[in-house]
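Going down the list, the protein sequences come from chains A and B.
So the first sequence is numbered by our numbering: it starts at 1 and just counts up by one.
So the second sequence is numbered by our numbering: it starts at 1 and just counts up by one.
No lab work stands behind these hints: they were computed from the structure.
Virtual Cβ for every residue (Gly too), placed ideally from N, Cα, C.
Hints are supplied without guarantee of correctness; some may be wrong.
What the hints assert, rightly or not - Reference listing, derived: stretches of chain B covered by chain A, where coverage requires no fewer than 3 residues with Cβ under 8 Å from a Cβ of chain A:
#1 214–222
#2 226–232
#3 237–251
This is what each chain is made of:
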Amino acid sequence: MDERKHTGSPLGTPHGARPDARTDIGTDLGIGDVLPQVRLTGVTKRFGNVLANDGISLSIMPGRIKALLGENGAGKSTLMAMLAGRFKPDEGRIEVAGKAVDFASPREAIAAGIGMVYQHFMLVENMTVAENVLLGQEGGFFLNPAEMRRVVGGLAERYGLPIDPGARVGDLSMGERQRVEILKLLHRESQVLIFDEPTAVLTPLEAEALFAALRAMSAQGKAIVFISHKLEEVLSVADEIAILRRGRIEGEFLASEVHSPAELARRMVGRDVVLEIDRDEVSAGRMVLDVKHLSGEGLEDVSLDLKRGEILAIVGVAGNGQQQLVEVVCGIAEPQAGEVSILGKSWADFFHSRGWKGELAWIPEDRAGLATGRGLSLTDNLLLTTREGFAHGQWLERGRASETTRGIVRDNDVRPGRIEAQAWQLSGGNLQKFVLGRELYREPRLIVAEQPTQGLDVSATEAVWQRLLESRRTAGVLLVTGDLSEALQLADRVAVMFRGRVMGLFPVTDTAQVERIGSLMAGLRD
Amino acid sequence: MNLVIRKREESLGWGVLVVYLGALALAFCVCALLLKMSGKPGFGGLAILFRGAFGQTYALLDGLVKAIPIFLCALGVALSFRMQVWNIGAEGQFALGAVGATWAALTFPGLPGVALMPLMLLCAMLAGAAWGAIPAALRLRLGVSEVISSLMLNYIGILLLEYLVFGVWKDPASFGFPMTAEFASGGQIARILPGVLGKLHWGLLACPVAGVAYWVLLSRTRLGFEIAAAGEGERVARYAQLPYGFLVFFVMGLGGALSGLAGSIETSATLGRLQPTIMVGYGYTAIVVAWLARLRPWAIAFTAYLLAAFRVGGEVMQLELQVPAAFGPIMEGAILLCVLAGQFFLTYSVSLRPSPKAARPAPPANDANDAAKGARS
Numbered sequence: 001m002d003e004r005k006h007t008g009s010p011l012g013t014p015h016g017a018r019p020d021a022r023t024d025i026g027t028d029l030g031i032g033d034v035l036p037q038v039r040l041t042g043v044t045k046r047f048g049n050v051l052a053n054d055g056i057s058l059s060i061m062p063g064r065i066k067a068l069l070g071e072n073g074a075g076k077s078t079l080m081a082m083l084a085g086r087f088k089p090d091e092g093r094i095e096v097a098g099k100a101v102d103f104a105s106p107r108e109a110i111a112a113g114i115g116m117v118y119q120h121f122m123l124v125e126n127m128t129v130a131e132n133v134l135l136g137q138e139g140g141f142f143l144n145p146a147e148m149r150r151v152v153g154g155l156a157e158r159y160g161l162p163i164d165p166g167a168r169v170g171d172l173s174m175g176e177r178q179r180v181e182i183l184k185l186l187h188r189e190s191q192v193l194i195f196d197e198p199t200a201v202l203t204p205l206e207a208e209a210l211f212a213a214l215r216a217m218s219a220q221g222k223a224i225v226f227i228s229h230k231l232e233e234v235l236s237v238a239d240e241i242a243i244l245r246r247g248r249i250e251g252e253f254l255a256s257e258v259h260s261p262a263e264l265a266r267r268m269v270g271r272d273v274v275l276e277i278d279r280d281e282v283s284a285g286r287m288v289l290d291v292k293h294l295s296g297e298g299l300e301d302v303s304l305d306l307k308r309g310e311i312l313a314i315v316g317v318a319g320n321g322q323q324q325l326v327e328v329v330c331g332i333a334e335p336q337a338g339e340v341s342i343l344g345k346s347w348a349d350f351f352h353s354r355g356w357k358g359e360l361a362w363i364p365e366d367r368a369g370l371a372t373g374r375g376l377s378l379t380d381n382l383l384l385t386t387r388e389g390f391a392h393g394q395w396l397e398r399g400r401a402s403e404t405t406r407g408i409v410r411d412n413d414v415r416p417g418r419i420e421a422q423a424w425q426l427s428g429g430n431l432q433k434f435v436l437g438r439e440l441y442r443e444p445r446l447i448v449a450e451q452p453t454q455g456l457d458v459s460a461t462e463a464v465w466q467r468l469l470e471s472r473r474t475a476g477v478l479l480v481t482g483d484l485s486e487a488l489q490l491a492d493r494v495a496v497m498f499r500g501r502v503m504g505l506f507p508v509t510d511t512a513q514v515e516r517i518g519s520l521m522a523g524l525r526d
Numbered sequence: 001m002n003l004v005i006r007k008r009e010e011s012l013g014w015g016v017l018v019v020y021l022g023a024l025a026l027a028f029c030v031c032a033l034l035l036k037m038s039g040k041p042g043f044g045g046l047a048i049l050f051r052g053a054f055g056q057t058y059a060l061l062d063g064l065v066k067a068i069p070i071f072l073c074a075l076g077v078a079l080s081f082r083m084q085v086w087n088i089g090a091e092g093q094f095a096l097g098a099v100g101a102t103w104a105a106l107t108f109p110g111l112p113g114v115a116l117m118p119l120m121l122l123c124a125m126l127a128g129a130a131w132g133a134i135p136a137a138l139r140l141r142l143g144v145s146e147v148i149s150s151l152m153l154n155y156i157g158i159l160l161l162e163y164l165v166f167g168v169w170k171d172p173a174s175f176g177f178p179m180t181a182e183f184a185s186g187g188q189i190a191r192i193l194p195g196v197l198g199k200l201h202w203g204l205l206a207c208p209v210a211g212v213a214y215w216v217l218l219s220r221t222r223l224g225f226e227i228a229a230a231g232e233g234e235r236v237a238r239y240a241q242l243p244y245g246f247l248v249f250f251v252m253g254l255g256g257a258l259s260g261l262a263g264s265i266e267t268s269a270t271l272g273r274l275q276p277t278i279m280v281g282y283g284y285t286a287i288v289v290a291w292l293a294r295l296r297p298w299a300i301a302f303t304a305y306l307l308a309a310f311r312v313g314g315e316v317m318q319l320e321l322q323v324p325a326a327f328g329p330i331m332e333g334a335i336l337l338c339v340l341a342g343q344f345f346l347t348y349s350v351s352l353r354p355s356p357k358a359a360r361p362a363p364p365a366n367d368a369n370d371a372a373k374g375a376r377s
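The shape of chain A in the complex, shown without the other chains (with noise of 0.2 Å):
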């Protein structure tokens, strides 16, 4: 249980220098003796080459409120999927109240007490609130509604989440149906309840009253886990909080050792060097990007600019706007207010007269489902974003693409090598080598890249960083990531982006400003 490995020195984090935060949470607390709701030892998982979850070893204990908190990728819900029968563990054991479980379905997870609270709900709208609590579990052949009703509203009342049982689930706002689902959970006498980044889609008011029912629950004797990305939330309501990184435990600790949302971002974001890469300089050039005062759908007053032979990084936890930002500067989301200007020219003017070549290159984050069909060969996939290079007014050199698909997928290593292969029997990290070799040979002079590494092994990673940084020669790159580590090794400048602003822009060779990354991230100047 403490093998636990460190790759790097934190942050400046004090946990670094309180080895007892990393011990076993159940012993530290002095409740050792009280048995661990679910104990997970030693389990990891793999997808191909892809370690998402390595040696985590965690224990969830009835009557508290333990917090998962990690970026997008660092391994939260392949977890929470393997506790909730979805995966089977690789390696390791998952024990429930003290025997060691094997689930091979979902069923079977919910058989053992573990409910799960997903972002989708999972309701039949068109039914009642006690209709959709008691389906598949009614009991004798007859339905006796008010019986129903009266069940599900003592349930409700039982555990303060109020809810009229009669109310169709059409009707409900998300934070009613969220308390649906969870009544659907503790009806099955689930002991372990499991949510999934669920404030989501709550409003604040909604958030609040979920953490009261959180409490309230936990106060009853089940074991909550909530899954998060947001460091308030997760201070306000966890006892215990763990933060996964790379699919690691970076880091097991009580909230109440948690002094601000800063210290909580600096442990999450963390600064371990998984990879060092040579980086020479490149002399900057002509501007390339320039965002003035965006703001609108979520921006607030951003400004900042690129040139060519710089990677300006825009860090933050997700869902504070990167993605506004990037759908505006790749052309899906017209700015609302503020001034956009592209390689010299205004948004409108860019997008009206794009090429496909020398111009915009965009690498976003679902390399699966957007930068590539995922029915299509990489033939197609490369004619996907450069087709009008291999067209004759509308005849198609498919020869000629053939040809160049080879010529990228050598160059790149995307294996397997052949060109025929459709999108979705690649891995992920060879799906992205060809996404950047596909978007590299369009020459472009800037390039517009999310999360470019996320997912992928250390090999792919390298390869990755290699060809941003070779694209500086002839490109500016906005790097979107939010691997603080990626930014720091690859980036001149960087951003740090928290609810729609930008709390800073500064160079990378500023310790002082490279040090308050974790402040900005939460909001906080100074």
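Based on the hints, put chain B in the right spot on chain A.
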């Protein structure tokens, strides 16, 4: 033992043929069973059907004649299916094509054949394309599912045809029968060799032309690539800057034009006038054909002929065994369902694996829970 279902990495090769033949065999068994249940000879009935479909030269030729409209309509729907736009409206577009051609034939009866015939085909294609463009516009502007709107437009199209034939365009010399006057000879598509090739007519030429054009469009042109790429979904289309709205109009319009062409050929060649009897469901059969053929032109040609031949054979069986006319569509449905089910095995491999040795998870060891559950139920 546990069933393990995996997505295939490699295609099945010759196994594809086995799957298809197996699915067809299963479909015929279902049909034989249905015949048996209604008191007719099961496989004997199917034998009559096969003899009726393939037993004589004139039956083979009749199948070919019926395959012409089915093939053209199937190409039309396949084009939109390529883009995952679900055009179920070939039947209505076929009706509008017949109406368009008839309008030209009745309005300009004096024109020579070389002028009248292209005009009729053009009007038919325009009418069919317009009918196909309606669901496209509804989907793009109002978000109406094209499945519903194109299906409902079928009924409107057929009723429009009947309104015209029963009223405005009714031939005064028809003794009250719902039909238009016979087209001038320039407005009728001639038979190729009446004595030798039966009812086979020059409309057949439209099939290779349309088939080759379809193949060239989808495999050699930029537009065809954009259609296939847009079939990967609107998000990918937006990322790749595909003109999604235009493509929806294009596939629905061109698909409608092909179905309209089929309608005009059928009207002009087999009847020489417009009658409600030309609506026999070719547009629906076309959907089955496109799907069975997985949208490939050669397979569409083959499947169109096969289902047309079953129609011919089915008519013979109806006469000899007195089975209801609904048996034809039932058979088409059985074939479609069996082949669709079979296609599962093309995408996934199924194997058996011994069940894991590990003990089943223990149910929550909590007697109080069980007691509570007992009390509630």
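Hints, one by one, checked against the model:
1. Proximity of the region 214–222 of chain B to chain A, defined as three or more residues with a beta carbon under 8 Å from a beta carbon of that chain, is established by the 4 residues found.
2. Taking a C-beta to C-beta cut-off of 8 Å, the region 226–232 of chain B contributes 5 residues in contact with chain A, enough for the three needed, and the coverage statement holds.
3. Note: the region 237–251 of chain B has 4 residues with beta-carbon separation from chain A under 8 Å; the three-residue rule is met and the coverage holds.
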